[in-house]
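Q: Kindly generate the complete structure, drawing on both the sequences and the hints.
Okay, here's what each chain looks like letter by letter:
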Amino acid sequence: MNKKLAGNIIRFIALAFAQIYIFNKIQVNGYINPQVYVLFVLMLPFEISGFWLLSLGFLMGLSIDYFMHTPGMHAAATVTLAFLRPSVIRLVGKKEDVEPWQYPNVRDSGSLWFFAYTLILVFFHHLFLFYIEVFRFGEFFQTLLKVLVNTFLTSMLIMLIQYLFFSRKAE
Amino acid sequence: MRNLLAFISRYQFFFFFLIFLVISFILIYNNNYYQRSKIVSTTGNITGKMNRVYTNFASFFELKKSNTQLLEENAQLRSLLSKRTNTISDSLTWLESGLSIHYVSAKVISNTVQFRNNYFMLDKGYRSGIKKDMGVVTHLGVVGIIIDVSENFSSGISFLHKDAKISGRIKKNNQLVNVSWDGKNYRLGDISHIPSHISILPGDTIQTSGNSQIFPEGIMIGTIEYIEDEMVNVFKKGKIRFSIDYNQLMYVYIVENSSRHELLRLQKSLPDE
Numbered sequence: 001m002n003k004k005l006a007g008n009i010i011r012f013i014a015l016a017f018a019q020i021y022i023f024n025k026i027q028v029n030g031y032i033n034p035q036v037y038v039l040f041v042l043m044l045p046f047e048i049s050g051f052w053l054l055s056l057g058f059l060m061g062l063s064i065d066y067f068m069h070t071p072g073m074h075a076a077a078t079v080t081l082a083f084l085r086p087s088v089i090r091l092v093g094k095k096e097d098v099e100p101w102q103y104p105n106v107r108d109s110g111s112l113w114f115f116a117y118t119l120i121l122v123f124f125h126h127l128f129l130f131y132i133e134v135f136r137f138g139e140f141f142q143t144l145l146k147v148l149v150n151t152f153l154t155s156m157l158i159m160l161i162q163y164l165f166f167s168r169k170a171e
Numbered sequence: 001m002r003n004l005l006a007f008i009s010r011y012q013f014f015f016f017f018l019i020f021l022v023i024s025f026i027l028i029y030n031n032n033y034y035q036r037s038k039i040v041s042t043t044g045n046i047t048g049k050m051n052r053v054y055t056n057f058a059s060f061f062e063l064k065k066s067n068t069q070l071l072e073e074n075a076q077l078r079s080l081l082s083k084r085t086n087t088i089s090d091s092l093t094w095l096e097s098g099l100s101i102h103y104v105s106a107k108v109i110s111n112t113v114q115f116r117n118n119y120f121m122l123d124k125g126y127r128s129g130i131k132k133d134m135g136v137v138t139h140l141g142v143v144g145i146i147i148d149v150s151e152n153f154s155s156g157i158s159f160l161h162k163d164a165k166i167s168g169r170i171k172k173n174n175q176l177v178n179v180s181w182d183g184k185n186y187r188l189g190d191i192s193h194i195p196s197h198i199s200i201l202p203g204d205t206i207q208t209s210g211n212s213q214i215f216p217e218g219i220m221i222g223t224i225e226y227i228e229d230e231m232v233n234v235f236k237k238g239k240i241r242f243s244i245d246y247n248q249l250m251y252v253y254i255v256e257n258s259s260r261h262e263l264l265r266l267q268k269s270l271p272d273e
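In order, the protein sequences belong to chains U and S. Sequential numbering from 1 applies to the first sequence in this note's numbering. Sequential numbering from 1 applies to the second sequence in this note's numbering.
By construction, these hints were calculated from the structure, which means they are not laboratory data. As the structure is a prediction and not an experimental result, all values here were calculated from the model. Treat each hint with caution, since some may be false.
[Stated by the list, open to error] Here are the simulated lysine to any residue pairs, SDA-like style, with alpha carbons at most 25 Å apart: (1) Lys-25/U to Ile-46/S; (2) Lys-184/S to Glu-139/U; (3) Lys-25/U to Asp-245/S; (4) Lys-165/S to Ile-132/U; (5) Lys-239/S to Leu-144/U; (6) Lys-3/U to Val-92/U; (7) Lys-25/U to Leu-263/S.
[Said to hold, decoys possible] Among chain S residues calculated to face chain U with C-beta under 8 Å, some are: (8) Phe-7; (9) Ser-9; (10) Arg-10; (11) Tyr-11; (12) Gln-12; (13) Phe-17; (14) Ser-24; (15) Phe-25; (16) Leu-27; (17) Ile-28; (18) Asn-117; (19) Tyr-119; (20) Lys-184.
The beta carbon of each residue, even a glycine, is placed where N, CA and C say it ideally should be.
A: Spelled out as structure tokens, the structure:
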């Protein structure tokens, strides 16, 4: 159990750093800005209690906020993602008999399941995030394009990370 | 009461969500850039130190480019200096420089261009005499305004921000214009409030007007990219190409205008209409 807990803590730190120092440096024409750190919330265990799911999501968003100097923005979007997660898991099809500490990933859940799960949640996260950032509807279509492009990109990067780090058999 | 408690415990997930969301929105609401000081000055030192480590590492790969930039700037300053010594006998120039403007050099340790509202961080804080509302420039043009200062770091909004509006001046005929940014291409800004009888052409230079006392007068903002032709309006508008590539910021100067407070005080004492 401690090993699984450590895994989550390592993911938290690694994804926060990767977001701040790698993915935030990717930028083409101001449109592209993938938010890969949400993978942390996506990979929390199935059986996690609602309170912990929300507060960990909040904490993750807040950490990114403090580095980006955007207090509250990422926190609000990530809490929303955490709130929608149980519903999306039910929607995509909940697995029966999950072991304690089992978490969504490509190996156990299957590529298609995980991709659908990622795509839906990342879309809502980005929708929330980019509209809060702009905070007005004058730039509606410009922001929508940004949401769609980045949803696609973030999901692709998350799948890539899944295949690179989580696709081999458990030790 | 018991029903209420049962209701809350049944939908506790939703209530927790609401609580966290409200906290986030309070944070966002207070994110109005004049009220963010607490957050940056408490976390600024930690995140600032980490950002500095990263920038030190990343700037190693840019050494050659920044060297040439500094050389260019040196040459520019030398030519300015030679002009100055020629006119030293003129007492008027001494009076002018009595409105003293000091420059403090700083290194950019974090900077963004991809958001609607972009911020940068510099490695100088109130220890070096940096204060809120000071202007930031490079030898190429205007960068932004300091909005918050901690002991060793300061943060500012760049021109690429919803709230950044700078009053500019067309160099060739001294007409005042407004410059802002629409959030699309970080190389292009919006220029508005050009009276329609004024002749303005692509390639014309826009400088700071010096009215705000944040930036000294005559610092380059950019050149006109194109002017939209609208015959109906009293004012023309267009696009301006910033003289600075915000994505390449490395070394900047913070402008300290010591006569600013005097001017602000004078403005305050004027009777309101």
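Q: Decide if the proposed pair is consistent with the structure: Lys-239/S and Leu-144/U, CA atoms, cutoff 25 Å inclusive.
A: holds (23 Å)
Q: Holds or violated: the hint that Phe-25/S contacts chain U, with Cβ atoms closer than 8 Å.
A: Interface hint status for Phe-25/S: holds (6 Å vs cutoff 8 Å).
Q: Does the interface hint hold: is Ser-9/S within less than 8 Å of chain U, judged Cβ to Cβ?
A: violated (11 Å)
Q: Does Arg-10/S pass the interface check with chain U, least Cβ-Cβ distance below 8 Å?
A: Not OK, violated: Arg-10/S not within 8 Å of chain U, min 12 Å.
Q: Would the hint on Gln-12/S stand, with a C-beta cut-off of 8 Å toward chain U?
A: holds (7 Å)
Q: Have a go at the Ile-28/S hint: is there a Cβ in chain U nearer than 8 Å to its own Cβ?
A: At about 4 Å, which falls below the 8 Å cut-off, the nearest Cβ of chain U leaves the hint on Ile-28/S intact, so it holds.
Q: Starting from Lys-25/U, check that the Cα of Ile-46/S is at most 25 Å away, please.
A: holds (20 Å)
Q: Please check whether Ser-24/S passes as an interface residue: C-beta within 8 Å of a C-beta belonging to chain U.
A: Check passed: Cβ of Ser-24/S comes within 4 Å of chain U, closer than 8 Å.
Q: Keeping to a limit of 25 Å between CA atoms, is the pair of Lys-3/U and Val-92/U held or broken?
A: violated (28 Å)
Q: Under the criterion of a CB-CB separation shorter than 8 Å, is Tyr-119/S in contact with chain U as hinted?
A: holds (5 Å)
Q: The hint names Phe-17/S as touching chain U; please verify it with the least Cβ-Cβ distance against 8 Å.
A: For Phe-17/S, the interface hint holds, since the closest Cβ of chain U sits about 4 Å away, which is under 8 Å.
Q: Measure nothing beyond the straight line between the CA atoms of Lys-25/U and Asp-245/S; if it is 25 Å or shorter, mark the hint as holding.
A: holds (15 Å)
Of the numbered hints listed earlier, those contradicted by the structure are 6, 7, 8, 9, 10 and 11.
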